[in-house]
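The sequence shown begins at 1 in UniProt numbering and counts up one residue at a time.
By construction, these hints were calculated from the structure, which means they are not laboratory data. Owing to the predicted nature of the structure, the values given are computational and were not obtained by experimental measurement. Just so you know, even glycine gets a beta-carbon here, dropped at the ideal spot from N, CA and C. Hints should not be assumed to be uniformly reliable.
To be verified - List of simulated lysine to any residue pairs, SDA-like, C-alpha gap at most 20 Å:
1) K340 with K424
2) K392 with T356
3) K344 with R379
4) K344 with R377
5) K424 with G115
6) K392 with L407
Stated by the list, open to error - For each label pair, taking beta carbons as the anchor points, the in silico distance ranges come out as:
7) P239 with P106: 33 to 39 Å
8) E326 with A40: 47 to 53 Å
9) E45 with G234: 35 to 41 Å
10) P143 with A101: 40 to 46 Å
11) A256 with P80: 39 to 45 Å
12) S166 with P239: 14 to 20 Å
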Amino acid sequence: MPADAALPLTSRAPHEVIFHRGREPVTTARFLAEVAALAARLPAEGPVLNFCADRYLALVGFAAVLSRGQVTLLSADRSPQRLADIARLHGARCALADTEAELPVPVLRPDAAPGADAPNPLIPAGAVAAIAFTSGSTGEPRPHAKPWGALVAGARAAAERFGVTSGTAIVGTVPAQHMYGFETTLMLPLHGGGAGHAGAVFYPSDIAEALAGVPAPRLLVTTPLQMRAVLGTGIALPPLAAVISATAPLDPRLAAEAEAAWGAPVLEIYGATEAGSVASRRTLEGDAWEPYPGTVFAIAEDGADVTVPGLPAPVPLSDTLEPLPEGRFRLAGRRADMVKLAGKRASLAGLTRILTDVEGIADGVYLAPADIDDNPRARLAALVVAPGMTPKAVVAALRGRIEPAFLPRPVVMVDALPRDGVGKLRQAELAALAWPRGPVRR
Numbered sequence: 001m002p003a004d005a006a007l008p009l010t011s012r013a014p015h016e017v018i019f020h021r022g023r024e025p026v027t028t029a030r031f032l033a034e035v036a037a038l039a040a041r042l043p044a045e046g047p048v049l050n051f052c053a054d055r056y057l058a059l060v061g062f063a064a065v066l067s068r069g070q071v072t073l074l075s076a077d078r079s080p081q082r083l084a085d086i087a088r089l090h091g092a093r094c095a096l097a098d099t100e101a102e103l104p105v106p107v108l109r110p111d112a113a114p115g116a117d118a119p120n121p122l123i124p125a126g127a128v129a130a131i132a133f134t135s136g137s138t139g140e141p142r143p144h145a146k147p148w149g150a151l152v153a154g155a156r157a158a159a160e161r162f163g164v165t166s167g168t169a170i171v172g173t174v175p176a177q178h179m180y181g182f183e184t185t186l187m188l189p190l191h192g193g194g195a196g197h198a199g200a201v202f203y204p205s206d207i208a209e210a211l212a213g214v215p216a217p218r219l220l221v222t223t224p225l226q227m228r229a230v231l232g233t234g235i236a237l238p239p240l241a242a243v244i245s246a247t248a249p250l251d252p253r254l255a256a257e258a259e260a261a262w263g264a265p266v267l268e269i270y271g272a273t274e275a276g277s278v279a280s281r282r283t284l285e286g287d288a289w290e291p292y293p294g295t296v297f298a299i300a301e302d303g304a305d306v307t308v309p310g311l312p313a314p315v316p317l318s319d320t321l322e323p324l325p326e327g328r329f330r331l332a333g334r335r336a337d338m339v340k341l342a343g344k345r346a347s348l349a350g351l352t353r354i355l356t357d358v359e360g361i362a363d364g365v366y367l368a369p370a371d372i373d374d375n376p377r378a379r380l381a382a383l384v385v386a387p388g389m390t391p392k393a394v395v396a397a398l399r400g401r402i403e404p405a406f407l408p409r410p411v412v413m414v415d416a417l418p419r420d421g422v423g424k425l426r427q428a429e430l431a432a433l434a435w436p437r438g439p440v441r442r
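Could you put the whole structure together from the sequences, leaning on the hints where they help?
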């Protein structure tokens, strides 16, 4: 797609329902009118920080900023300090919010009231529509520019892959500012089809209530952490067309339990903030990932990259991929995830899966000390959520399942892992729990 090509703000017809706000359906025509009204209130220059919790207001805000030729800053970390840092470091001229906030820039509250009819503006495909930030799970969050053409191409590819049509209701549990949530719950209604759900949805009762409040067919966009929470409560969900999961690897046993309980296929998305969503699979059909239409993976022994429609250059991936026939691939682990001890290699993610497979362990994670590569006596640690178990019992359960060199030392029992709203863990927080005085050299 040429960078100077122009794409409309939305490909939806004026009469189509693009969002549900409570029991109120919002048509494309009304959406465009509200976008134009907000755009007229924005400063002459951007960028604009958007952290609206109401998903519809987040979309109106993003679209208004885009229609003015400005850039939206998206951060899934909504902590006041993080938002203030982004506003300062990236020169935000204002922020859009639907809650009270103290920021070093003016804060505007988007309106959601009918206005005069407004046009569907054309946006250059090469224009940077948003800057998305990585989660910072392995360090400081990093910014990544998202061209408009790439966002549109991704939404259309996802709609084709997941069978999203104009009648599909999309309920998401992931913040709209998270790249996964942004693509599936904002960009899909704009250019892929379906109608989003505006309300904040997180707890199991929220999810059930939100799904009951929208018409079928229903698509649930969520995470493994939230799927496990819903299943653990036994709350019944209305009939679903499908469930989409991302942000963390999905255990096939959890996928099987969800499909049995909800009578719908559970699908996974593979992607990264840098590239967006680029592949998918149905978890119970095996470990092969199928690229999105138009997406091309180049896989070599020393790494892999992906060419995504609308992005100016191939994107290097942090994962090690194994090529399969017909362009598909298998994940072999993250390059930074591999550790070597006593002449043997292992993946921290693989060790974590073995750990959490132990009966009685509700959650857990393996981690490596910072000196793993230069200290021959360094050992891996494990944080474990297992009421009633002791560190000694955890190690005993792991013997015979993993190489002795990879038995965790120490094992730290915790009430809960410090997961964020989408289930991710920050390495610095984990290390502080495992080694409160720093890794010990023996």
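These are the hints, each one checked on the structure:
Between K340 and K424 the CA atoms are separated by roughly 24 Å; this puts the pair beyond 20 Å, and the hint is violated. Our distance criterion of 20 Å between C-alpha atoms is met by K392 and T356, whose separation comes to about 16 Å. With a C-alpha separation of about 13 Å, the suggested pair K344 and R379 falls inside the 20 Å cut-off, and the hint holds. A hinted pair counts as satisfied when its Cα atoms are at most 20 Å apart, and K344 with R377 qualifies at roughly 14 Å.
Among the hinted pairs, K424 with G115 is inconsistent with the structure: their alpha-carbon atoms are about 40 Å apart, more than 20 Å. Using a Cα cut-off of 20 Å, the hinted pair K392 and L407 holds, with the two alpha carbons roughly 11 Å apart. A C-beta distance of roughly 45 Å is found between P239 and P106, which places it outside the suggested range of 33 to 39 Å. Checked against the hint of 47 to 53 Å, the pair E326 and A40 passes, with Cβ atoms roughly 50 Å apart.
Roughly 52 Å separates the CB atoms of E45 and G234, a value that falls outside the hinted 35 to 41 Å. P143 and A101 have their C-beta atoms about 20 Å apart, which leaves the hinted 40 to 46 Å range violated. For A256 and P80, the Cβ-Cβ distance of about 41 Å falls inside the hinted range of 39 to 45 Å, so the restraint holds. Taken as a hint, the range 14 to 20 Å holds for the pair S166 and P239, whose Cβ atoms sit roughly 19 Å apart.
Hint violations for this structure: numbers 1, 5, 7, 9 and 10, all remaining hints satisfied.
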